[in-house]
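Produce the complete structure using the sequences and hints provided.
In short: position in the sequence shown from 1, add 19, done, that's the working numbering.
Hints are computed from structural coordinates only; laboratory data are not their basis. Accuracy of the hints is not assured; some may be wrong.
What the hints assert, rightly or not - DMTMM-like cross-link-like pairs, simulated, lysine to aspartate or glutamate; straight-line CA separation at most 25 Å: (1) K350 with D365; (2) K350 with D381; (3) K350 with E317; (4) K414 with E277; (5) K350 with D323; (6) K350 with D334; (7) K124 with E219; (8) K124 with D93; (9) K174 with D125; (10) K257 with E277; (11) K383 with D365; (12) K350 with D429; (13) K335 with D381; (14) K124 with E194; (15) K350 with D300.
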Amino acid sequence: MAFLLRKEIKYLIFWLLLAAGIGWIWDQALAAALTVSLFFISYYLYQLKRLLKWQQTPEEEPPEARGVWGEIFDNLYNYQRHQQGHQYRLKQILDRVQESSQALKDGVIMIDARGELEWWNRAAEDLIGLRSPSDQGSPITHLLREPRFVDYFDKQRYQEPLILPSPITEGRTLEYQITQFGENDRLLLVRDFTRLQRLERMRQDFIANVSHELRTPLTVLSGYLETFSDHAENLPAKWQRGLTLMREQSTRMEHLVEDLLTLSRLETSDLEVSVEPVAVDQLLASIRLDALALSGEEHRISLDIDRQLRVYGSDKELRSAFSNLIFNAVKYTTPGTEIQVRWYHDRAGAHLEVIDDGPGIDPKHLSRLTERFYRVDQGRATSTGGTGLGLAIVKHVMLRHQGRLSINSDVGQGSCFSCHLPITRIYLMSHED
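The following block contains the structure:
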């Protein structure tokens with residue numbers, strides 16, 4: 020292309036000089052040069068006209084031309100064919116993606132940066148009632164007016180899905196999950212959650228019913244075992260050992276049933292919040308005394324607490340959560356371990372930290388510690404009388420208070436269990452209170 024351009028310039032200069040030389044003979048050099056210039060301008064305008072005409076009907080073959088113009092026509096034609104092939108392949112991929120999306124049972128909805136609908140599949144029409152093409156370009160919050168969804172959509176905190184009743188089908192429950200991409204564009208996935216919700220409710224009911232049914236026979240067994248223990252000195256030695264083991268296991272079963280019932284209540288009931296904020300300083304002082312009694316005064320437990328800091332919540336549930344963390348620090352560390360309990364607040368909210376310098380936990384276990392019955396060391400947990408439900412209870416209490424539980428630990432470097440409560444639950448007492 021550069022070679023042809025230089026050749027075209029040389030060709031133009033040659034004809035200008037030739038015309039000027041011929042015109043000089045008749046004393047009309049300038050007029051001759053202008054004439055040749057006008058000729059070339061007319062020629063270039065003619066070729067531009069052919070180019071524009073061809074661009075209006077690009078499916079036709081390009082015009083025939085020589086020199087640089089022929090190169091321009093050929094290059095544009097090849098580029099055009101290349102782009103058409105590229106667009107065709109992209110269209111095939113897009114059609115394939117849309118076809119596969121249409122086959123999904125879950126609703127898929129594309130939403131632009133303004134919150135308006137761009138595209139959705141057939142499942143979205145069945146699940147939330149979208150209609151094409153009338154809903155195209157409509158704001159999603161005008162079609163899904165549930166206040167909880169609007170709040171979820173606007174706040175843009177999409178780490179957890181949102182579960183709501185179906186807006187069009189009674190008895191159906193839907194799960195909404197939003198993912199951001201591009202320049203604040205969003206992809207909304209809608210899934211029928213009804214079956215999973217029913218299974219979860221069946222599981223909760225089963226655990227609650229079994230726990231209630233176990234409570235009565237366990238109470239009877241514990242009562243008789245306690246009565247027999249009062250006369251244990253009259254029994255043979257081997258029976259005394261068996262009686263002691265039975266009492267220990269019945270007590271452990273009672274604790275397990277109580278924890279199961281507590282979890283069931285946390286999962287199925289609404290949070291009951293007292294009008295008065297919880298006096299966490301007094302609550303922690305009471306738990307510390309219980310923890311020292313559990314330890315037999317063999318652990319050092321210190322409190323670093325903000326006595327003006329209180330929170331709105333359930334006194335009973337917060338006591339259960341905080342005591343689980345502090346009692347665990349006693350149970351799973353050796354005598355002589357130092358345990359620090361900190362209660363403070365900052366711009367993020369209120370925080371409880373339970374820090375120990377015990378053996379620590381391998382980081383590979385941390386993500387599973389709040390699972391029901393998960394134990395790092397099965398034998399060790401059994402010897403301490405743990406049920407494997409304590410941290411699950413803490414996690415549920417925090418969720419009910421819009422908070423969260425975090426765990427940091429390394430083997431040989433101790434552990435830190437932290438409860439974080441939102442700033443909206445803080446109540447700071449004045450010195451006059």
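Consistency of the hints with the structure:
1. K350 with D365: At roughly 30 Å apart (the allowed maximum being 25 Å), D365 and K350 break the hint.
2. K350 with D381: Distance ~17 Å between K350 and D381 Cα, so the pair holds.
3. K350 with E317: Satisfied, since the Cα-Cα distance of roughly 11 Å is no more than 25 Å.
4. K414 with E277: Status holds; Cα separation ~17 Å.
5. K350 with D323: With Cα atoms ~21 Å apart, K350 and D323 stay inside 25 Å; holds.
6. K350 with D334: holds (23 Å)
7. K124 with E219: holds (21 Å)
8. K124 with D93: violated (49 Å)
9. K174 with D125: Holds: K174 and D125 sit about 24 Å apart, inside 25 Å.
10. K257 with E277: violated (31 Å)
11. K383 with D365: violated (30 Å)
12. K350 with D429: holds (18 Å)
13. K335 with D381: The given pair, whose Cα atoms are some 31 Å apart, is violated under the 25 Å limit.
14. K124 with E194: Given pair K124, E194 holds - Cα atoms ~13 Å apart, limit 25 Å.
15. K350 with D300: Given that 25 Å is the threshold and the Cα spacing comes to 23 Å, the pair holds.
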